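Taking the hints into account, I'd like the entire structure generated from these sequences.
The numbering of the sequence shown is UniProt numbering, which starts it at 1 and goes up by one.
Don't take every hint at face value.
Quick list of the computed label-pair ranges, beta carbon to beta carbon [said to hold, decoys possible]:
{"#": "1", "residue 1": "S54", "residue 2": "E22", "range": "17 to 27 Å"}
{"#": "2", "residue 1": "N51", "residue 2": "E14", "range": "20 to 30 Å"}
{"#": "3", "residue 1": "V88", "residue 2": "H17", "range": "16 to 26 Å"}
{"#": "4", "residue 1": "S87", "residue 2": "N2", "range": "23 to 33 Å"}
{"#": "5", "residue 1": "P72", "residue 2": "V20", "range": "19 to 29 Å"}
{"#": "6", "residue 1": "W80", "residue 2": "Q10", "range": "29 to 39 Å"}
{"#": "7", "residue 1": "D77", "residue 2": "Q11", "range": "17 to 27 Å"}
{"#": "8", "residue 1": "L42", "residue 2": "I9", "range": "30 to 40 Å"}
{"#": "9", "residue 1": "R4", "residue 2": "K35", "range": "38 to 48 Å"}
{"#": "10", "residue 1": "V30", "residue 2": "S55", "range": "16 to 26 Å"}
{"#": "11", "residue 1": "R82", "residue 2": "G37", "range": "29 to 39 Å"}
What the hints contain is simulated information worked out from the structure, not anything from laboratory work. Fair warning: this is a prediction, and the values are worked out from it, not measured in the lab. Glycine residues also receive a C-beta, built at the ideal position from the N, C-alpha and C atoms.
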Amino acid sequence: MNSRLRELIQQLGEAIHESVIESEQIAGVVQDIRKHGFDVLLMLEATIGLNEVSSKESDAEDAEGEGEEAAPFSQTDRDWLRSLRISVEGDYDEEESAEGEGE
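Following this line, the structure appears as structure tokens:
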């Protein structure tokens with residue numbers, strides 16, 4: 001793994017950390033727990049998996065269109081990521097198409 005990739009992974013970790021720190025919802029729940037006489041120690045573990053994409057695979061995916069089945073996240077995964085203020089590529093498009101199907 002090269003140093004630029006390590007730096008990007010570090011930035012991702014910091015962004016997740018900042019999202020948790022700045023979350024008003026998390027702060028509110030922690031405050032409620034403290035009101036009940038408990039201190040809170042919040043430890044989160046994030047596993048970041050990387051799969052190198054060969055140039056042939058990358059070119060083929062670009063030709064097919066971006067965002068199609070790019071990240072196999074369940075709705076629960078998406079909701080959790082949104083709670084951390086992390087958007088998932090293609091998530092917005094999927095919501096729009098789901099709304100359109102109900103018409």
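Structure-based check of each hint:
1. S54 to E22: 17 to 27 Å: 38 Å, violated
2. N51 to E14: 20 to 30 Å: Given range 20 to 30 Å: holds, Cβ gap about 22 Å.
3. V88 to H17: 16 to 26 Å: Because 19 Å falls inside the window, the suggested range holds.
4. S87 to N2: 23 to 33 Å: The hinted range 23 to 33 Å holds for S87 and N2, with Cβ atoms some 26 Å apart.
5. P72 to V20: 19 to 29 Å: With a Cβ separation near 24 Å, P72 and V20 satisfy 19 to 29 Å, so the hint holds.
6. W80 to Q10: 29 to 39 Å: 21 Å, violated
7. D77 to Q11: 17 to 27 Å: At 21 Å between Cβs, range holds.
8. L42 to I9: 30 to 40 Å: Since the Cβ atoms of L42 and I9 sit about 21 Å apart, the hinted range of 30 to 40 Å is violated.
9. R4 to K35: 38 to 48 Å: Holds - the Cβ-Cβ distance for R4 and K35, about 45 Å, lies within 38 to 48 Å.
10. V30 to S55: 16 to 26 Å: 46 Å, violated
11. R82 to G37: 29 to 39 Å: 31 Å, holds
Checked against the numbered hints above, the structure breaks hints 1, 6, 8, 10 and satisfies the rest.
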